[in-house]
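Participant: Next come the chains, spelled out residue by residue.
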Amino acid sequence: MCLAIPAKVHQVNGDSALVSIGNVEYKASLLLLKDVKEGDYIMLHAGFAIEKVDKKEAARMLALFREIEDSKTT
Amino acid sequence: MRYIDDYRDGLLMKELVGEIRKISVSPVVLMEVCGSHTMAIHKFGIQSLLPPAIRLVSGPGCPVCVSSMGFVDKAIALSRMDHAITVTYGDLIRVPGSESSLEKERSNGSDIRIIYSLLEALVIAKNNPEHPVIFPAIGFETTAPATAAVVKKAAKEEIHNFFVLSAHKIMSPVLKALVDGPLKIDGFLAPGHVSAITGSSIYQELADKYGRCVVISGFEPVDIFQSIRMLINQVNSRQPRVEIEYSRVVKPEGNPAARRIMNEVFEPADEIWRGFGNIPLSGLKFRKEYDRFDAEKIFPVKVPEFHEPAGCRCGEVLRGMIDPTACSLFAVSCTPDNPIGACMISSEGTCAAYYKYRKLT
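One line per chain: the protein sequences are F and D, in this order. Counting in the working numbering, the first sequence runs from 1 upward without gaps. Counting in the working numbering, the second sequence runs from 1001 upward without gaps.
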């Protein structure tokens, strides 16, 4: 029920945005999330963008995870 | 897919499992409180990769499962009204009330439509001005702001035939009911998308006052292993606190704009939970300014008192007291094709997850 999926923003039109999930396009509502820009990734839940995906934070966490991996192999 | 594949990296998971095995010293019970976590844990066979000292139990995080039978009975009664159109998310349609379900009502001729976004309901309402369009609303803080946003939009656009039967619930009171209960839970894998709205402060009391460890987790296997690792480190250090693993989506302050919309339309009220009974101030009901959208006030219906189906132990499953396999109905008379309890009916219910993936775990 609380499922949300990452979707890429292609175009913002007022209260909605054209987004894609893989090859599927969808018109997502922006009533719950402001300051969305083209190129952002949003989390889509029941048709609504509920939060942005923080790209820097995603990269930072993945780098942290990889460190564990690297410390083992080196 | 971006932001999914990286978190399903087998090598990374193997390393995380190795780390967890190294730091796991004493028996711990960790509860996940989100149906999507339950599904991911079973789908990826996560329990089977953990050391035996770590026991994962499922909590009351599936909104369909914790909805009371009385609520379903009300939704059914409203769907039987003349000219009524019921709009619902797909999750709710198969859930039985005391004598029927929305699915059965639909095959008996009631106008019941499945929607993905609640905005579709406003289009239906505009196109059918003579028909009351009724939305039985379930879900936690992830979903409730969308309901509130659509109610506000209906008010602005002066749509007078859209109504909501709210069984929306909020997360923190039920967590408190759990720690006051008989099961000793050392740590919580907190729901990522609820927390995207609420932020991390709703869990602070669990750590500060009740000494429970909390990690807000994402939904991919790497997220879940990393969250378990963070929880075990917290348990070992004897310093319970609230941490965010799912930091690419969850900010400590959550989404204040969404909360503002939710709180403008709804206010906390007592709510009945399957398996728990009444939990004070755990539900969301309409504020006075919006009560013309409240299906409960506009179309009052009386429904019979709620009884669990004979032999069904859903209530104990929802509180993490038993595994589904301890229920004598499980996989015998209660299966996904012929479900008896709500935990088997919902695709993200604990019993459905156990049934579907039991060979893996």
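Keep in mind that the hints were calculated from the coordinates and are not lab data. Some clues are possibly wrong.
Claimed, not checked - BS3-like cross-link-like pairs, simulated, lysine-lysine; straight-line CA separation at most 30 Å:
(1) K27(F) with K1285(D)
(2) K1176(D) with K1153(D)
(3) K1184(D) with K1153(D)
(4) K8(F) with K1043(D)
(5) K1302(D) with K34(F)
(6) K56(F) with K1251(D)
(7) K1156(D) with K1043(D)
Stated by the list, open to error - Calculated Cβ distances over 12 Å to all of chain D for the following chain F residues:
(8) Q11
(9) V12
(10) N13
(11) L18
(12) K37
(13) D54
Backbone N, C-alpha and C fix where the C-beta goes; we use that ideal spot for every residue, glycine too.
Participant: Would you mind marking each hint as holding or not holding in the structure?
Facilitator: Hints versus structure:
1. K27(F) with K1285(D): Satisfied, since the Cα-Cα distance of roughly 29 Å is no more than 30 Å.
2. K1176(D) with K1153(D): violated, 34 Å
3. K1184(D) with K1153(D): violated, 44 Å
4. K8(F) with K1043(D): Judged against 30 Å, a Cα distance of about 26 Å means the pair holds.
5. K1302(D) with K34(F): violated, 42 Å
6. K56(F) with K1251(D): Holds - the C-alpha atoms of K1251(D) and K56(F) are around 13 Å apart, at most 30 Å.
7. K1156(D) with K1043(D): Violated, at about 43 Å.
8. Q11: holds, 18 Å
9. V12: V12(F) is indeed farther than 12 Å from all Cβ atoms of chain D, at 16 Å.
10. N13: holds, 14 Å
11. L18: holds, 14 Å
12. K37: It holds; K37(F) is separated from chain D by about 16 Å at its closest Cβ, greater than 12 Å.
13. D54: Nearest chain D Cβ is 5 Å from D54(F), so the label is violated.
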